[in-house]
Each structure stands twice: as structure tokens, then as C-alpha cells.
Amino acid sequence: MLSFIVRRLLQSLPIILAVAALIFVMFSVIPGTFASSMSDDGRSVLDAEVMARMNKEFGLDDPVYVRFGKYVAQLATFDLGTSFRTRQPVAHVIADRLWPTAQLAFASMLFAILIGVPLGFIAALRPGSWIDTISMVGAVSGLSLPKFWLGLLLMYLFALMLGWLPSFGYGGGDLRYLILPSVALGVAPLALLARTTRAAVLDIMNADFVRTARSKGMSESKVVRWHLTRNALVIILTTIGLQFGTVIGQAVVIEKLFSWPGLGSLLVDSVTLRDIPVVQGSILVIVLLFLLINMLVDVLCAIIDPRIKYT
Amino acid sequence: MLKKFVITTALALAMSAGAYAETPRKGGTIRFTAPYGSSFANLDIHTSNRAQDEIWAKAIHRSLYKWDANANKPVLDLAKEVKVSEDGLVYTYKLRDDAYFHNGRKMTADDVIWSLTRQMDGAKAYPGARYVRIIKGAVEVEKGQAKEISGLKKIDDLTIEMTLAEKVDPGFNFYQPMLSIYPADEASKDTFATKPIGLGPFKFVEYVPGSRLVAERWEKFYEPGKPYADRITISIMGEAAARDVAFRNKEVDVSILGPTQYVAYKADPELSKGLLEVAEVYTRVMGLNPNFKPFSDKRVRQAINYAIDADLIIKRLVKDKAYRATSWLPISSPAYDKDMKPYPYDPEKAKQLLAEAGYPEGFEFEWTATSNESWGIPIVEAVIPMLEKVGIKVKIKPVEGTVLSEVARSGNYQAFIWSLTSGPDPLTSLKCFHSATPQSACNYTLFKNPEFDKLLDEAAATDDEAKKLENLKKANAILREEVPMWWFNYNKAVMAHQPWLKGLQPNATELAVQNYEDIWVEASSPAK
Amino acid sequence: MKFRANLVIGGVLFAGVIIAGIFAPWLAHTDPVMDANLMYAEEAPGSEFWFGTDAQGRDIYSRVLYGARISLTVGIISQLINTVIGVCLGLSAGYWGGWWDDFVNGLTNMMLAIPSLIFALAIMVILNPGLTSLLIALGLTNWSFTCRLARASALSLKSQGYVQAAKVLGYGDIRIMLTQLLPNMLGPIIVIGTLGMGGAVLAEAALSFLGLGIRPPYPSWGSMLSDARDQITTAPWISIFPGLAIFVTVLGLNLLGDGLRDILDPQARTRRA
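Protein chains in written order, with our numbering: chain L, 1 to 311; chain V, 1 to 528; chain A, 1 to 273.
Because the hints were derived from the structure by calculation, they are not lab data. The C-beta atom is built at its ideal place from N, Cα and C for all residues, glycine as well. Heads up, a few of these hints could be off.
To be verified - Just the calculated beta-carbon pair ranges, DEER-fashion:
1) 17/L - 290/V: 28 to 38 Å
2) 288/L - 190/V: 23 to 33 Å
3) 69/L - 185/V: 46 to 56 Å
Unchecked claim - Pairs of lysine to any residue, SDA-like flavour, derived with a Cα cap of 25 Å:
4) 136/V - 68/L
5) 189/V - 88/L
6) 315/V - 25/A
7) 124/V - 156/L
8) 189/V - 78/L
9) 195/V - 47/L
10) 431/V - 53/L
11) 395/V - 236/A
12) 56/L - 449/V
13) 250/V - 166/L
14) 250/V - 165/L
15) 189/V - 81/L
16) 266/V - 156/L
17) 147/V - 55/L
18) 124/V - 71/L
19) 315/V - 46/A
20) 106/V - 85/V
21) 393/V - 39/A
22) 56/L - 439/V
23) 83/V - 466/V
24) 349/V - 218/A
25) 124/V - 53/L
26) 56/L - 75/V
27) 158/A - 296/L
28) 250/V - 236/A
29) 124/V - 68/L
30) 124/V - 31/L
31) 195/V - 92/L
32) 395/V - 46/A
33) 124/V - 47/L
34) 266/V - 161/L
35) 349/V - 439/V
36) 147/V - 57/L
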């Protein structure tokens with residue numbers, strides 16, 4: 001187990017470097033620069049001199065390999081660079097957005113897990129029943145709606161018409177503001193979890209080894225509880241881990257709609273503004289978080305099902 | 001059209017004038033919105049030229065001048081009086097002695113000089129540099145040849161003397177929030193970037209990046225009795241639909257409206273009472289690159305102007321939230337010619353002109369556009385069938401704003417559609433079409449007309465206001481005739497406000513940017 | 001026999017959408033791009049315009065029909081690419097293990113760790129917006145989920161009795177993977193695949209929302225939806241019908257996936273008692 005964890009941590013290093021290199025290369029060929037984004041509203045014209053100075057100040061005049069070298073050297077000292085837009089260290093810019101993002105991600109996943117997994121379980125235990133059909137159709141519906149449409153609908157219903165919840169913003173940490181964005185964001189993972197749980201439980205219920213256990217004389221309920229739970233959990237946990245990454249990416253649309261100050265909207269804004277250091281920094285942070293979460297998930301899976309050998 | 005504009009502006013002025021007739025109430029919270037994006041750049045206004053950032057900067061900072069929306073010109077703010085020399089190049093300012101920074105210290109000439117000199121830092125790139133460059137000696141600082149601006153002299157603690165390198169009205173340069181005056185000692189510290197200190201009516205309290213900024217009343221603000229409100233919260237809300245919901249839900253006090261909401265709010269008996277409309281100084285145009293062969297012929301460019309039914313587009317697509325453009329200068333410009341008529345919709349004439357120019361079968365071109373709802377791809381989509389009728393085929397090239405900005409300045413386009421600032425000063429905005437102005441500055445269509453140049457040069461040199469305006473009018477007429485662009489419309493900015501918010505000003509340079517000290521909140525506001 | 005209903009309803013819906021797309025030129029009333037008459041802008045659904053008109057005065061019914069072509073192409077092709085890549089990598093990694101498993105794991109982790117929407121966005125920014133770029137962007141960024149699932153299933157199943165038996169019988173690795181392992185993991189993979197198709201259509205809507213979708217003025221349901229987001233209160237039909245189209249398509253795909261899974265799962269037949 002320990003060797004597995006160490007190996008995974010070591011494996012993460014080249015991944016992070018690879019991601020850093022990939023993102024760096026991608027954004028070095030992108031058209032448009034921060035300087036030109038400053039005058040994209042046709043308003044205050046940024047003159048050529050100032051633009052040239054800007055590019056020089058940001059080191060954009062150096063050749064690509066020089067810039068990459070500097071970047072890697074920076075990373076080695078855990079320095080994520082300086083944001084073009086705020087002129088502050090990228091780490092500060094990202095840190096401001098970390099807590100709201102974490103809140104949104106955890107709340108949505110909690111919502112999805114607490115409702116989706118039991119739903120899928122029940123549906124699998126009574127396949128073909130009306131519960132099965134209704135839950136699955138409901139889950140599918142949730143997955144078929146575009147998020148900003150769903151978000152707007154929720155906003156309209158709960159904020160404008162019923163007045164139960166605030167319609168936008170962060171609210172300085174007031175949890176009521178978290179509800180609508182999390183539901184809008186969590187409906188899709190919920191549906192996916194319900195369906196995956198159902199499929200996984202169904203598949204395993206019919207696998208040979210369950211039949212073997214049954215033939216060994218173990219009672220029905222014991223069979224359900226022991227083997228089912230253990231094996232299904234592996235697949236479900238894997239799905240949850242994967243969904244975390246999706247949720248952070250999908251959060252962009254919800255964050256923009258609800259004015260939620262998270263990492264997703266920071267990323268998209270920075271891409272639009274060509275604030276390259278922040279783009280690189282936030283992607284790296286997201287990657288790191290994701291790797292850690294998935295490692296946790298794999299460890300849990302190995303604990304639950306010792307037959308899975310991570311040689 | 002012009003009549004409508006005059007009536008609208010008169011109403012707006014009457015409303016704000018009428019507002020002043022009521023007694024402002026002291027107290028309450030102003031809940032403003034910043035609609036132009038999902039974030040502020042940072043808390044150092046010197047680094048940003050965007051309208052979005054000016055919205056928060058106006059609460060916390062002040063500049064030498066400020067824009068008077070009712071008089072439609074810049075007026076002195078941090079200076080009490082100014083003496084101009086005979087040749088119009090030396091301005092002597094007597095600064096206010098009652099301006100205090102939020103840390104309690106009194107403003108002095110040192111602060112003004114420090115703030116303006118900072119803009120010319122050659123190692124950094126401050127967008128305000130181009131405005132400070134009019135001061136003699138500023139260029140030398142930029143190039144690193146001098147440490148101080150020779151043309152900016154401190155006479156005493158409250159008097160400065162500014163010598164200009166060219167004859168312009170510095171008010172138009174220095175009213176911008178990006179040229180705010182900072183406290184010289186505090187601004188160089190690191191803490192300033194997270195806790196700005198300024199001279200504005202409100203003191204910084206907190207900033208949640210991507211969400212909102214909060215500021216509270218500065219008791220020692222130099223305008224007595226102001227600001228009226230206790231606090232101001234500025235919520236960043238880039239999504240029009242979300243802003244609409246929040247406004248209807250009474251969670252915010254103002255909302256800049258897009259065309260769709262404009263129609264809905266106008267039709268609503270309650271909401272229509274709280275609409276502030278202003279003709280802003282923006283002209284929406286389709287730039288035509290003369291290096292693309294068909295566009296080098298004036299007849300083709302005119303044909304395009306005849307082929308597009310701009311009035312219909314304005315009426316149905318932009319929902320009347322714009323004024324038909326006749327040429328470059330907008331309606332609110334002092335040099336606007338109200339007798340000048342726009343190109344009529346005449347597809348037959350367009351076909352005739354095209355045939356004359358040698359394109360009887362039409363031609364195809366690529367149109368670069370962003371997804372902006374008022375001057376982007378939706379407009380292009382409406383124009384495509386109209387051009388198709390006269391034989392011109394269009395291919396859309398969708399780009400982001402930053403790429404549009406790049407291709408326009410580098411000439412890497414065949415046609416583009418954009419909203420460009422065309423004021424408030426007519427001479428400065430017409431200068432964009434002077435042949436000496438490079439394409440990378442704002443002469444995106446490489447306009448070159450000797451008669452035009454001559455009119456502008458004369459206007460710049462003369463002191464006779466009447467002659468100046470006459471020249472500028474004539475120059476504007478040349479632009480109409482030569483059509484380097486398709487003249488689409490002038491923006492009508494609309495701001496919806498709750499009935500308890502009073503004192504808003506019809507700011508033609510940018511409606512969303514207000515002088516918050518003049519705004520007050522009635523007791524009926526749900527925010528306490 | 002509820003599960004058969006899945007197959008039938010899903011199949012009918014999906015077939016309906018495909019037919020709409022293929023026969024759009026005959027079923028539509030107008031040209032989806034050129035017939036834009038501003039005089040009829042934002043008209044409610046009626047006898048002339050079955051689904052109403054949009055802000056440019058274009059018939060929404062016709063645009064929804066033509067939009068089926070693009071949305072279906074995006075959904076089917078990009079997900080096909082995703083599934084093939086994912087299964088190949090995941091199955092082989094789980095079965096062979098060793099350095100290949102490490103490599104695929106690393107690659108998958110890298111891909112999974114970057115949010116697919118962001119990655120697709122970055123790709124769309126570099127390549128110009130358009131159908132091909134969209135297929136590349138969506139096809140290359142969504143295979144990791146399938147891969148992981150395939151790998152986990154392979155890991156779980158490779159120690160099964162029948163696999164060991166096949167090995168003893170001398171079956172080659174590829175044959176074992178394709179005939180023994182693949183069929184037993186098809187269930188979740190097909191489910192993920194069909195959901196992925198719907199997800200691709202929704203991803204296109206999200207990218208359009210962020211300004212980087214299909215090149216206008218061609219109709220795609222996603223761009224129709226995001227263009228209409230400001231008019232949700234005043235002219236809701238502009239967004240309702242493309243939204244409904246997406247919903248029906250994704251619903252059909254999902255039901256179809258379920259039905260197929262039930263059929264392909266060899267043990268499923270004996271379960272109905």
C-alpha cells in the first residue's frame with residue numbers, strides 16, 4: 001500500500017510537467033495577446049508603444065524555449081509567476097478563488113452522491129419496476145438539459161417566483177447562495193451516478209461469483225450486502241473521482257451565470273484575456289487537486305476490494 | 001431621428017434636474033452592478049482602461065478633472081481653479097485644500113506629480129501613458145532619459161504648473177479614472193494592491209474577486225454633505241439574463257439593459273418608469289480594408305451602404321436601442337450635422353454601383369466578427385441575406401475580442417464589425433482618420449484624404465471655436481462621402497434603475513460610470 | 001417487459017432525429033440561413049412558422065431540422081472517436097499491466113486531470129471555430145472516462161475463471177481481450193458511450209455559450225440555445241425548441257443505450273424471472 005502511494009506520487013510529477021508543457025505550448029501559439037485584449041472593447045485605444053512595452057514586460061518577446069525554460073525554473077521553486085492582469089502573484093489570484101470552488105464542487109458532488117447512488121441502487125434491486133423506470137427517466141432528463149438553461153430555470157423559480165433563495169452572487173459565505181448553483185451543477189453527476197450505480201450493481205448481481213456464493217448457501221440478503229456492495233463500490237467510487245474533474249470544468253458555465261467567484265470562471269476569463277500565467281497556474285492547480293483525489297479513490301478501492309492488485 | 005434624440009436627452013436632463021429638486025436623503029446602501037464582464041482587472045486603476053474597472057474606481061478614486069454629464073464636458077475636480085497662458089500651452093492649477101486621502105492625509109501637489117509621473121514608467125506599460133504624453137517632458141521619462149517630467153512643476157504644496165507639448169484641452173485627457181491621483185507614499189507599498197487608498201467619496205472595505213466590491217462613506221470627502229449614501233456595493237454581473245432576474249427581484253438597484261430587456265422593460269408599466277436613456281459616444285461600424293481589391297473602389301463601399309437596410313436592423317434586431325448613423329461623429333457630438341442624411345436603403349442603386357465598379361456578378365468576402373449581441377455576429381447574420389440580394393456573398397470569421405483588436409490594428413482582415421469610441425472630443429476622434437495616424441493606433445481602414453487632413457490640421461491650430469466646428473463638420477461630411485466604413489449606428493445606452501435610487505447622471509461617455517456622490521437612496525429601498 | 005420498452009422508445013426517438021436530419025431539405029419550409037426576414041422577427045409559433053421565428057426572422061422549425069445534422073454529427077462522430085481510443089487503451093492497459101499500464105495510466109490521468117471543457121475550449125481557440133475543429137476538440141478530450149472504466153473492468157474480470165480457462169486453452173491475448181473481456185464490460189461502456197453522445201451535444205452548447213461553437217450562421221442546436229438566452233423571458237420559443245430537440249435526442253440515446261446493454265449482457269436474459 002505504502003509503495004503504491006509513493007509510486008503514484010512519483011508518477012504525478014511527470015504528469016504535472018507534461019500538463020505544464022502541453023498547456024505552455026498550446027498557449028504560445030494562440031492568436032491574440034493580453035495587450036490586444038486590453039483594447040477589445042473599441043474604447044480606449046492602447047497605442048502601439050504601450051503595447052510593445054507590455055509584451056516586453058511580460059517577457060513575451062523572448063523565444064519560446066527561453067520562456068519555457070524560465071517557466072520550468074519558476075515551477076521548481078513553486079513560483080507560479082505573475083498575472084498579467086492583476087500584476088499580483090498567480091498564487092494569490094488562485095488562492096482567492098479556491099475556497100468558493102471547493103465549496104461549489106463539494107456541495108454539488110454531495111448532492112449528486114446522496115441522491116444519485118441510493119437511487120441507482122434501488123433501481124437495480126427492482127429492475128423493470130416503475131421505480132426503476134421513473135428514476136432512470138428522471139435521471140436522464142437531468143442529464144439532457146443544458147446547464148445554463150437549468151440554472152436560469154432554477155433562478156426564475158426559486159429566486160424570482162418563490163423568493164426562497166437569492167438569485168446570484170457569493171453572499172460572503174452565506175450557504176443559501178450555494179444552493180442553486182450546486183443543484184444546477186450537481187444534477188448531471190447525479191444522473192450519471194444513478195445510472196452507473198444501477199448498471200454496475202446489475203452487472204455484478206449476475207456475475208458468476210455471486211452465483212457461486214449463492215450456491216454456497218449464503219443467504220440472499222448476505223449476498224446482497226457483502227459482495228454487491230464491495231464490488232459495486234469500486235466502480236462507483238471510480239466514477240465519483242472522475243466526476244470531480246468534470247464538475248470543476250462544467251462549473252464554468254454555472255459560475256458565469258450565478259456570478260460565483262470560482263476557479264472555472266477565472267480560467268475562462270484568463271483565456272479570454274490571454275492572461276497566460278493565470279491560465280497555466282489554474283490548470284496546474286486543478287490537475288494537482290484531481291490527481292490527489294483520484295489517488296485517494298484508488299487507495300479506497302484497493303482497501304475495499306483486496307483482489308484488485310496494483311502491481 | 002434627431003428629434004427623438006433631442007427629446008430623449010431633454011427628458012433625461014429634466015429627470016436628473018428634477019431629481020435635484022428633491023431633497024437627497026442621507027443614508028442607505030447603493031447596490032450597483034458592473035455589467036461588462038465577470039471580474040475586475042485588479043485594484044490598481046492605473047493599469048486598466050476598461051469601463052468595467054472605472055465603475056469601481058469612481059467610488060474610491062478621483063482625478064484632476066471629472067466628467068460633468070449634464071454639461072457634457074470635463075470640469076475641474078481635484079483642482080479649484082486653473083489659469084491658462086496666452087499661448088494655451090501652460091496650465092496653472094490651484095489644487096483643493098480640502099481633499100483628504102482615506103488614510104487621513106491631505107492631498108498635496110506631490111501626490112499629483114507622483115501619480116502622473118508613474119504613468120510614464122518606461123519599464124511598465126500603463127494605458128494612461130498616451131494621455132500624459134501631452135505634457136512636455138513626459139516622453140523623455142518614458143524613454144528613460146529623465147526621472148521627472150520637466151513640464152510638470154510644483155509651485156507650492158497646492159499649486160502645480162503644467163506645460164503642454166501640444167495644444168489640446170487637458171480636461172479631456174485627465175478626467176479619466178485611469179489617471180486617478182494616488183497617495184505618493186502609500187501607493188508604492190505592496191498593501192496598496194489589496195487595499196487601495198484614494199480621494200473618492202467612498203472608502204474601500206472589501207473585494208471578493210469575481211464577485212463584488214464594497215466601500216463605505218468617507219466622512220472627509222471634499223464635497224460637503226456628500227456622499228449621501230452610507231455604503232456602496234458593486235456586484236459584478238456579466239450575464240444580462242441573471243442581471244435581469246436580480247433586478248426584478250429587487251436585489252440590485254441598477255442594470256444596464258440589452259436590446260431584448262429594453263423592449264420588455266419599456267412594455268412593463270412599472271419598470272418603464274425607471275429607464276435612463278443616453279446617446280453614448282460610440283459608433284458601430286463595419287470597417288472595410290482598402291487593401292482588399294473590391295473595397296478599394298469607393299463605388300463598392302457605397303454600394304454596401306446602399307444594400308443594407310440599417311434602419312430595419314436597428315428597429316427589429318437592435319430593438320431601437322440605437323440611432324441610425326450618418327457618418328462617424330455621433331449625435332451628441334458638438335460637430336454633428338443634423339441636416340446630414342444617412343444612406344437610404346436602395347438595393348437597385350447598389351447593384352448599379354457594383355456593375356459600374358466591375359462587379360456585376362458580385363464577389364465574396366470574409367467578415368470578421370465577435371459574438372457580441374449588439375454589434376457582432378447576430379448583426380452579420382441579418383446582413384448576409386441583404387448582401388446576397390445584390391450578389392455579394394459573405395463568409396463569417398468568428399473571433400474573440402482580443403483577436404479582433406489584433407487583426408484590426410494589423411490590417412489582417414477584409415471586413416470587421418466593431419463598436420468604436422467616437423467622442424467626446426470631436427477633434428480627437430476624427431484624428432483617427434488622419435493619414436498621419438497609423439493603422440495600429442486607430443486608423444484601421446488606412447484612410448488617406450488630403451482635403452480631410454487639411455481641415456483637421458486647421459482645426460487643431462485655430463483658436464476660433466466656430467471655425468473649428470465648421471471644419472470638423474466638413475471633415476465628417478467627407479467621411480460620409482468616402483465611406484471607409486459602413487456607418488451602422490450610434491449606441492443608445494439604457495440603464496434601468498429602481499424607483500428608490502435617485503441622482504443618476506446621463507453620462508454620454510459611458511452610462512454605467514456614475515459619480516456616486518450625487519446618488520442617493522430613498523427610504524423605500526429594501527437594502528438598509 | 002420494461003427493458004424492451006427502453007429499446008423501442010429510444011430507438012424510435014433516435015431514428016426520428018436521424019430522419020429529421022437526413023431529410024431536412026425536404027421537410028423544412030425555408031432555407032435556414034438565407035431566409036431571414038427581419039419583418040417577421042420573434043414571432044410566436046403559429047400556422048406559418050410552426051416553431052415561431054428567431055431574432056433574425058428565421059423559421060425555427062427549419063433551423064431545428066437542419067440543426068439535427070450538425071448536432072448529430074458532432075455527437076456521433078466525436079463520441080465514436082472517444083470510445084475507440086478509450087477502449088483500446090483501457091482494455092489493453094488493464095489486461096497487460098506493467099509499463100504499458102503505467103503509461104496509459106499516466107496519460108489518462110493527465111487527460112482526466114484537465115477538465116475536458118477547458119481543454120476543448122483551448123483547442124477551439126487555437127483552431128478556428130468550425131465543425132472539424134469541434135470534432136477534433138471533443139473527440140480528443142473525452143476518452144479518459146471510458147478508458148478508466150474499461151481498465152477497471154479488465155482488472156476486475158481478468159482474474160475470472162473463464163479467462164484463466166481461455167489462457168490455458170492457448171487463446172492469444174488479443175482474442176481473449178476481444179472475446180472474453182470486452183463483451184462482459186460492454187454494459188457500462190455502452191451506457192457511457194451513449195451518454196457521451198448526448199454530452200458532446202451539450203458540450204457544443206456550452207462552447208457556443210462561451211463563444212466558440214459552430215461557425216455561424218449555420219444552425220446547430222447548441223448555438224441556437226445560447227443565442228436565445230437573453231430572450232428566455234420575452235420569446236421563450238426560440239430556446240424551447242432547440243432545447244427540446246437536444247433533450248429528445250439525448251433521451252433517445254440513453255434509452256437506446258440501456259436497451260442495448262440489456263441485450264448485450266449475456267447473463268441478462270436469464271435474469272428475467
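For residue 106/V and residue 85/V, compute the direct alpha-carbon distance and say whether it is at most 25 Å. 28 Å, violated
Notebook entry, point to check: Does residue 57/L lie within 25 Å of residue 147/V when you go C-alpha to C-alpha?
Noted result: 19 Å, holds
query: Within a Cα-Cα threshold of 25 Å, do residue 195/V and residue 47/L meet the stated pairing?
result: 29 Å, violated
- Is it true that the CA of residue 124/V sits at most 25 Å from the CA of residue 31/L? Cα-Cα ~23 Å, so holds.
query: Is the gap between the beta carbons of residue 69/L and residue 185/V within 46 to 56 Å?
result: 39 Å Cβ-Cβ, so the 46 to 56 Å window is violated.
Does the hinted range 23 to 33 Å hold for residue 288/L and residue 190/V at CB? Cβ of residue 288/L to Cβ of residue 190/V: about 27 Å, so the range 23 to 33 Å holds.
Given the hinted pair residue 56/L and residue 75/V, is their Cα-Cα distance within 25 Å?
36 Å, violated
Is the hinted pair residue 349/V and residue 439/V satisfied, with a Cα-Cα distance of at most 25 Å? Cα-Cα ~31 Å, so violated.
Given the hinted pair residue 189/V and residue 88/L, is their Cα-Cα distance within 25 Å? 13 Å, holds
25 Å Cα cutoff - pair residue 266/V, residue 156/L
The given pair, whose Cα atoms are some 20 Å apart, holds under the 25 Å limit.
Residue 136/V and residue 68/L were given as a pair; does the straight-line alpha-carbon distance stay at or below 25 Å? 41 Å, violated
Could you grab the alpha-carbon distance between residue 395/V and residue 236/A and see if it respects the 25 Å cut-off? 29 Å, violated
When each numbered hint is compared with the structure, violations occur for hints 1, 3, 4, 6, 7, 9, 11, 12, 20, 24, 26, 32, 35.
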